[in-house]
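So the protein sequences, as listed, match chains L and G.
Per our numbering, the first sequence starts with residue 680, numbered consecutively.
Per our numbering, the second sequence starts with residue 44, numbered consecutively.
To be clear, the hints were calculated from the coordinates, so they are not data collected in a lab.
Certain hints may be false.
What the hints assert, rightly or not - Derived DMTMM-like pairs: lysine to aspartate or glutamate, alpha-carbon spacing no greater than 25 Å straight-line:
1) K775/L with D289/G
2) K315/G with E478/G
3) K483/G with D859/L
4) K199/G with E379/G
5) K315/G with D893/L
6) K121/G with E138/G
7) K142/G with D937/L
8) K775/L with E478/G
9) K775/L with E379/G
10) K775/L with D465/G
11) K483/G with D772/L
12) K306/G with D859/L
13) K315/G with D937/L
Claimed, not checked - Pairwise CB distance ranges, derived in the manner of DEER restraints:
14) Q463/G with L822/L: 34 to 44 Å
15) K483/G with P915/L: 49 to 59 Å
16) E395/G with L822/L: 38 to 48 Å
17) T360/G with Q934/L: 46 to 56 Å
18) R220/G with G850/L: 29 to 39 Å
19) I765/L with A192/G: 45 to 55 Å
20) G251/G with S889/L: 54 to 64 Å
21) T360/G with I742/L: 52 to 62 Å
Computed from a predicted model, the values in this text were never measured in an experiment.
Where is the CB? At the ideal position from N, CA and C, for every residue including glycine.
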Amino acid sequence: MTQQLADQQARIQAVPASGTHAPASRKRWSGRARRDFFIFLALALPNLLLIAVFTYLPLINNIYYSTLDWTLGSATATVVGLENYITFFTSADAVKVLGTTAAFTAVTVGGSMALGLLVALALNSKVRGTTFARSAVFAPYVLSGVGVGLVWLFIFDPGYGVLAWILRGLGQQSPQWVNDPQLSLVMVIVVYVWKNLGYCAVVFLAGLQSLPQDVMEAASLDGASSFRRFLSMAMPLLSPTTFFLLITTMLSSLQAFDLIRIMTPLGNGTSTLIYEAYLQAFGAYNRAGYSAAISVVLFAILLIITVVQLRFVERKVHYS
Amino acid sequence: MSLILDRRLFLTLASAGAGAVALSACGGPTTTTGSVATTAADIDFSGVKPAASIDFWSNHPGKSQDVEKSIIDKFHAKYPDIKVNLVTAGANYEEIAQKFQTAQAAKSGLPSLVVLSDVWWFRYYLNESIIPLDSLVEQLGVKLADFRASLVDDYKYAGKQWALPYGRSTPLFYYNRDHFAAAGLPDRAPKTWQEFAGWAPKLKAASGAQYAFMHPALAGYAGWTLQNNLWGEGGSWSKDWDITCDSAESVAALQAAQDSVYKDGWAGVSSKESADDFAAGLASATLSSTGSLIGILKSASFNVGVGFLPGGSKAETGVCPTGGAGLGIPSGVTKEEQLAAAMFLQFMTEPENTAAFSAATGYMPTRMSADMATVLAKTPQIKTAMDQLAVTHVQDNARVFLPGADQEMAKAAAKILTQQGDVQATMTELKATLERIYTKDVQPRLKA
Chain L
680 MTQQLADQQA RIQAVPASGT HAPASRKRWS GRARRDFFIF LALALPNLLL
730 IAVFTYLPLI NNIYYSTLDW TLGSATATVV GLENYITFFT SADAVKVLGT
780 TAAFTAVTVG GSMALGLLVA LALNSKVRGT TFARSAVFAP YVLSGVGVGL
830 VWLFIFDPGY GVLAWILRGL GQQSPQWVND PQLSLVMVIV VYVWKNLGYC
880 AVVFLAGLQS LPQDVMEAAS LDGASSFRRF LSMAMPLLSP TTFFLLITTM
930 LSSLQAFDLI RIMTPLGNGT STLIYEAYLQ AFGAYNRAGY SAAISVVLFA
980 ILLIITVVQL RFVERKVHYS
Chain G
44 MSLILDRRLF LTLASAGAGA VALSACGGPT TTTGSVATTA ADIDFSGVKP
94 AASIDFWSNH PGKSQDVEKS IIDKFHAKYP DIKVNLVTAG ANYEEIAQKF
144 QTAQAAKSGL PSLVVLSDVW WFRYYLNESI IPLDSLVEQL GVKLADFRAS
194 LVDDYKYAGK QWALPYGRST PLFYYNRDHF AAAGLPDRAP KTWQEFAGWA
244 PKLKAASGAQ YAFMHPALAG YAGWTLQNNL WGEGGSWSKD WDITCDSAES
294 VAALQAAQDS VYKDGWAGVS SKESADDFAA GLASATLSST GSLIGILKSA
344 SFNVGVGFLP GGSKAETGVC PTGGAGLGIP SGVTKEEQLA AAMFLQFMTE
394 PENTAAFSAA TGYMPTRMSA DMATVLAKTP QIKTAMDQLA VTHVQDNARV
444 FLPGADQEMA KAAAKILTQQ GDVQATMTEL KATLERIYTK DVQPRLKA
């Protein structure tokens, strides 16, 4: 490591201030460095190419399409510059879609993490059957979203669903879970949290089991209550886990698609940014350019959230 | 190892970036400076030989996969040099449209024959994604005069024929005959919704069902069946290209529908499929497609009655829309494939095949000369659907020709029927939306 640092410093010092660096540069690329560079290329280039073709090229294409008035399926399109963005941000749909996205993300991330932590605390206790309970809690996470959505649609059906049957037993009518836009959002959030809390629980459980027992025992000997130990010691020590989960669950919530598509195909009340982009291009409207603009907005939001989390939230994380 | 950003590396990266941007402009559509009006191409098929293999994209309307396969087998026996590959390209009209539009955008993987619904074919016409069939009809000697005029005329535009009818349907009034008998009601569909409103309390009291009537699921085709309510009260979604969904008559019709749910409490709104709710005994009556007929008859454990759609206070008849799907030939495949597809299309719509399709699904036979005696002996209810064809009404332009209008109508219906939204305000809002779609997405592309 020391040798590498020394080499690096030597290279930096070798770069002259003026434009007479070519001979030095050629000298740098000889020998071992050249071989290392080719090894680096051989290892990295296939992946870089795949990422370029399947991630960055579509991204650039999408930005280009967002400047077009293009009906999906049409061979021609008109260049309209930023009109698609202006249309989106000046329409009532923008407030509705961004609001739905924010509500869905906040509740699903908060709900999955809070419930996941509670479940992890329960699973962390030394009682019989925790292995089975752990598998049972994690199982929904690995199930297909399509299958989960279809089953839960039957449960929520106001005519012959299990929930309606229970409510009728209590003398109540079932709400219109699918048809009422506000309730359909609640319905999708409930199912999403149910499906994903197992992931949070398992990750939190791993975090809880890696806490330094000597520190926790010392606090216990000092008379700290279990609640105080959890609040003042476990939670700060769990902050890397919490931070990791915050990033991953937020990104996946913002990209949630399958449950929304299956449970509310019209997106009535459940049109998050990603689903609105899908509906506009591949649903009934076929506005490919407009959809691309919404996708770019989603990309920008994801980018900002990720950068903000990495730059600011991570500072609050205790790694030891 | 570290890399230093010198001038050469910077220029390399800049070139790569510029290349990527340039490359991005290579895919997708050709850009123009103004809107392009659709023009119908004249296609000459003389001297063209049919392709050896074609793909037929279907969503198997009315669970028709088996009957489609058997018709294809018969086609193979008659034309051994042409192989038809049946491809399941979606579970419903929207999914097949999505796949077709995506293939259009990708400019690859297109089928030679595709199922297209009443709300999609016009978009394919606007996008020039399908070809006019006139020259193929003439060359192959397809007997257009033997098709039911109201069904074949649905696909005429700008003087050309853009598709031929396939799984064509109308809504039917389905009722539980046992419930009607228990309530002391006549064994028939009501003549008007006003008459049914008078029956509903008796039905609800006598049947034990949750609802006397189940409105069709809004996520399905609410815009389609609600035309019945609108037309009965003298309203409509539109008249030609004028949006009229906010007229006093239209608002009155939808207010009556809302009252059936909230004020009078005898109707419910289906969450998924009203035919399933009806067959499960949740409601004593519903509206659903003729394509649901066989499924309902198979799954219902009670006597099923069918009748014409009820009228309203302004019109008792001529209040039933046609619907369902046709078959079209994409423009993006070779002439050889188009010709083979047309031969298969002709075969699919032969009288005996349309009768077989009808028997298997409940969809209407599209040919007048189709021998339906055997089919009707087995399923006499299909006769009601066939008879109703004589009193059908061409659908409103707003529903079938405006992209996304059906979805907007469904959302508006949801607001009215499931959230008790103000009908007038909802329709005023819908009108603005539909006019915006027309002005932006349709009007510029129509020929002057």
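Against the structure, the hints:
1. K775/L with D289/G: holds, 24 Å
2. K315/G with E478/G: violated, 29 Å
3. K483/G with D859/L: violated, 29 Å
4. K199/G with E379/G: Holds, at about 24 Å.
5. K315/G with D893/L: Since the Cα atoms of K315/G and D893/L sit roughly 57 Å apart, the hinted pair is violated (cutoff 25 Å).
6. K121/G with E138/G: violated, 31 Å
7. K142/G with D937/L: holds, 17 Å
8. K775/L with E478/G: holds, 21 Å
9. K775/L with E379/G: Judged against 25 Å, a Cα distance of about 49 Å means the pair is violated.
10. K775/L with D465/G: At roughly 19 Å apart (the allowed maximum being 25 Å), D465/G and K775/L satisfy the hint.
11. K483/G with D772/L: holds, 17 Å
12. K306/G with D859/L: holds, 18 Å
13. K315/G with D937/L: The hint holds at about 17 Å.
14. Q463/G with L822/L: 34 to 44 Å: The hint (34 to 44 Å, Cβ to Cβ) holds, given that Q463/G and L822/L are roughly 36 Å apart.
15. K483/G with P915/L: 49 to 59 Å: About 55 Å separates the Cβ atoms of K483/G and P915/L, which means 49 to 59 Å holds.
16. E395/G with L822/L: 38 to 48 Å: Since the Cβ atoms of E395/G and L822/L sit about 46 Å apart, the hinted range of 38 to 48 Å holds.
17. T360/G with Q934/L: 46 to 56 Å: Once the Cβ atoms are compared, 51 Å apart, the range 46 to 56 Å for Q934/L and T360/G holds.
18. R220/G with G850/L: 29 to 39 Å: holds, 31 Å
19. I765/L with A192/G: 45 to 55 Å: holds, 47 Å
20. G251/G with S889/L: 54 to 64 Å: holds, 60 Å
21. T360/G with I742/L: 52 to 62 Å: At roughly 55 Å between Cβ atoms, I742/L and T360/G fall inside 52 to 62 Å, so the hint holds.
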